[in-house]
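Required output: the full structure, derived from the provided sequences and hints.
Chains A and B, in that order, are what the protein sequence lines are. Quick note on numbering: the first sequence equals residues 12 to 318 in the working numbering. Quick note on numbering: the second sequence equals residues 12 to 318 in the working numbering.
Everything labelled a hint here was simulated from the structure, so no lab data went into it. Just so we're clear, the structure is a prediction, and the values are computed from it rather than from any experiment. Errors might be hidden in some of the hints.
In this list, chains with the same sequence are indistinguishable; a pair is considered to hold if it fits within one copy or across any two.
Dumping the calculated EDC-like pairs for lysine to aspartate or glutamate here, alpha-carbon to alpha-carbon at most 20 Å [stated by the list, open to error]:
hint : residue 1 : residue 2
1    : Lys155    : Asp72
2    : Lys155    : Asp296
3    : Lys132    : Glu311
4    : Lys155    : Glu304
2 protein chains.
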Amino acid sequence: MTRLLPLATAQLGPIARDEARPAVVRRLIALLEEAASRGAGLVIFPELALTTFFPRWWMEDPAEIDAFFETEMPSAETRPLFEAAARLGCGFHLGYAELAPDGRHFNTAILVDRDGRIVGKYRKIHLPGHADHQPWRPFQHLEKRYFQPGDLGFPVFEAFGGRIGMLICNDRRWPEAYRMLALAGAELIVLGYNTPRHYPPVPEHDHLQDFHNHLCMQAGAYQNGCWVVGVAKAGVEEGCELIAGSCVIAPTGEIRARATTAGDEVVFAEIDLDRVREIRAHIFDFAQHRRPETYGLLTEAGFHPTM
Amino acid sequence: MTRLLPLATAQLGPIARDEARPAVVRRLIALLEEAASRGAGLVIFPELALTTFFPRWWMEDPAEIDAFFETEMPSAETRPLFEAAARLGCGFHLGYAELAPDGRHFNTAILVDRDGRIVGKYRKIHLPGHADHQPWRPFQHLEKRYFQPGDLGFPVFEAFGGRIGMLICNDRRWPEAYRMLALAGAELIVLGYNTPRHYPPVPEHDHLQDFHNHLCMQAGAYQNGCWVVGVAKAGVEEGCELIAGSCVIAPTGEIRARATTAGDEVVFAEIDLDRVREIRAHIFDFAQHRRPETYGLLTEAGFHPTM
Numbered sequence: 012m013t014r015l016l017p018l019a020t021a022q023l024g025p026i027a028r029d030e031a032r033p034a035v036v037r038r039l040i041a042l043l044e045e046a047a048s049r050g051a052g053l054v055i056f057p058e059l060a061l062t063t064f065f066p067r068w069w070m071e072d073p074a075e076i077d078a079f080f081e082t083e084m085p086s087a088e089t090r091p092l093f094e095a096a097a098r099l100g101c102g103f104h105l106g107y108a109e110l111a112p113d114g115r116h117f118n119t120a121i122l123v124d125r126d127g128r129i130v131g132k133y134r135k136i137h138l139p140g141h142a143d144h145q146p147w148r149p150f151q152h153l154e155k156r157y158f159q160p161g162d163l164g165f166p167v168f169e170a171f172g173g174r175i176g177m178l179i180c181n182d183r184r185w186p187e188a189y190r191m192l193a194l195a196g197a198e199l200i201v202l203g204y205n206t207p208r209h210y211p212p213v214p215e216h217d218h219l220q221d222f223h224n225h226l227c228m229q230a231g232a233y234q235n236g237c238w239v240v241g242v243a244k245a246g247v248e249e250g251c252e253l254i255a256g257s258c259v260i261a262p263t264g265e266i267r268a269r270a271t272t273a274g275d276e277v278v279f280a281e282i283d284l285d286r287v288r289e290i291r292a293h294i295f296d297f298a299q300h301r302r303p304e305t306y307g308l309l310t311e312a313g314f315h316p317t318m
Numbered sequence: 012m013t014r015l016l017p018l019a020t021a022q023l024g025p026i027a028r029d030e031a032r033p034a035v036v037r038r039l040i041a042l043l044e045e046a047a048s049r050g051a052g053l054v055i056f057p058e059l060a061l062t063t064f065f066p067r068w069w070m071e072d073p074a075e076i077d078a079f080f081e082t083e084m085p086s087a088e089t090r091p092l093f094e095a096a097a098r099l100g101c102g103f104h105l106g107y108a109e110l111a112p113d114g115r116h117f118n119t120a121i122l123v124d125r126d127g128r129i130v131g132k133y134r135k136i137h138l139p140g141h142a143d144h145q146p147w148r149p150f151q152h153l154e155k156r157y158f159q160p161g162d163l164g165f166p167v168f169e170a171f172g173g174r175i176g177m178l179i180c181n182d183r184r185w186p187e188a189y190r191m192l193a194l195a196g197a198e199l200i201v202l203g204y205n206t207p208r209h210y211p212p213v214p215e216h217d218h219l220q221d222f223h224n225h226l227c228m229q230a231g232a233y234q235n236g237c238w239v240v241g242v243a244k245a246g247v248e249e250g251c252e253l254i255a256g257s258c259v260i261a262p263t264g265e266i267r268a269r270a271t272t273a274g275d276e277v278v279f280a281e282i283d284l285d286r287v288r289e290i291r292a293h294i295f296d297f298a299q300h301r302r303p304e305t306y307g308l309l310t311e312a313g314f315h316p317t318m
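See below:
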């Protein structure tokens, strides 16, 4: 059997700090149109796709911070993207900064169906970086300051003819995140990322950023027998280089398609959701082979090894 | 700081079904001597390193089955290996089939220090394959018939100047296994494997066996910031091809050294256990970034996704 889903990665090049939402939305719509013209029914945009990656700056003025956040979705400024989705019959995954009505801030992603309706939401759980000002860094990574950890768990949504889960950026480095989604039945995991090439605490690993990016996603795909689609905000943004390498990864862990620029770029791939069975009904048949009774430490709160 | 540990992989080529223990032990000693002559203080041998990979055959006679198992360690036949270790000042990791005094059967590995004393034992938890006779297969994979799941958890041992954990073969495909050891403080994970090139249920993946082998171990190393050493029984054994690719993997996920034959082969590498901090004190700082309160499903017994 086959269950085909034509999709596309929509990698974004840099977004300037002063680039207004309408201009960004126009870029997103152009990518959506290109993807739809090639037959895509689902387009994956990156993390925080409506603004520059603002956690690189220390800010104290709440108004300045909140200007990077969305208080409603769609809003007047983002509605044209939803309308384009409905017009084109092409859904999308979009990351953005969410300011909830109760004042909480999240690093969020949504799944929007072919009618332009939101059918799923995820809030990033593994926030990287730090909460304090560290002036020694050439740029900050203040996700622990500007966001709270996601409170929606790892939900899986029935959509696009399959079961879809979402992760966001640093989540993709954590095997627990993929496994949670796979245990909940995910056949396709979509995610976006903003990953600086330079990691100030351990700069001697900068040359490994692309390798680590693909290693984690390929292992996540294979070890959970699911498709993984990872999409970058890439290129030199406000003086900070972000890695590219957006890709579609099969349940075998093989990279099926990938971007080859560091700018706005659509990569199309038709995937077969039924290929999940090749792995998950055999080598990673969870019911047959997992041993959850031996995994106690994994969920032990506050347990940390001595170093 | 550096904490150097000179070690070696001791890949084994095929062991014939009728090859007697003393002949195998002589091969192991030759590899130990070669490794020690190059400065190794620890040699890693494969899984089930004393016999052919007998789970490929359906057997019903308990005496025939038990002939592949060790009832004591060391025994008269294996003692020369322990004596060689003490003489050379070179410890080892060895996999073998264990028949416990109470009649239980395990797929086991031990860690033996430079004095030739056993300082750690692990019993394989993730048993692959099947328990029933499946004559349609060109060869069986009866680990679920011949072994019980390990009952020792995922222990970590203070030895060789560091903290060492062990896995066995199929364990290395499961991210939970690496994580359990890393949470218990492991800095180095050693393991052996017998992996047929041909996987009868999904033969269309046979060409990916080497890729999957390294993908899992490299991800396990990087995502846990520890060294991983994986050692194969390799080559065409009783008509069944086993993959090779024994290797030493750094906490960055990079392959530091690897075997380039499918036979008996020593590969030497000096590793620095203090490099664990490069990863585990930063990008994978568990205390800072893990969210165990969101991982409930991971330890839920009997939970299996719908397919």
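Using 20 Å as the alpha carbon limit, work out where Lys155 and Glu304 are close: within a copy, between copies, both or neither.
between (33 Å within a copy, 17 Å between copies)
I want to check one pair: Lys155 and Asp296. Are their C-alpha atoms no more than 20 Å apart within a copy, between two copies, both, or neither?
Result: close only across copies, 14 Å inter versus 36 Å intra.
For the identical chains here, do Lys132 and Glu311 meet the 20 Å Cα criterion within one copy, between copies, both, or neither?
neither (27 Å within a copy, 24 Å between copies)
Up to 20 Å between alpha-carbons, please classify Lys155 paired with Asp72: within, between, both or neither.
Within one copy, since 17 Å is at most 20 Å while 61 Å is not.
Comparing the model with each earlier hint shows a violation of hint 3 alone; every other hint is respected.
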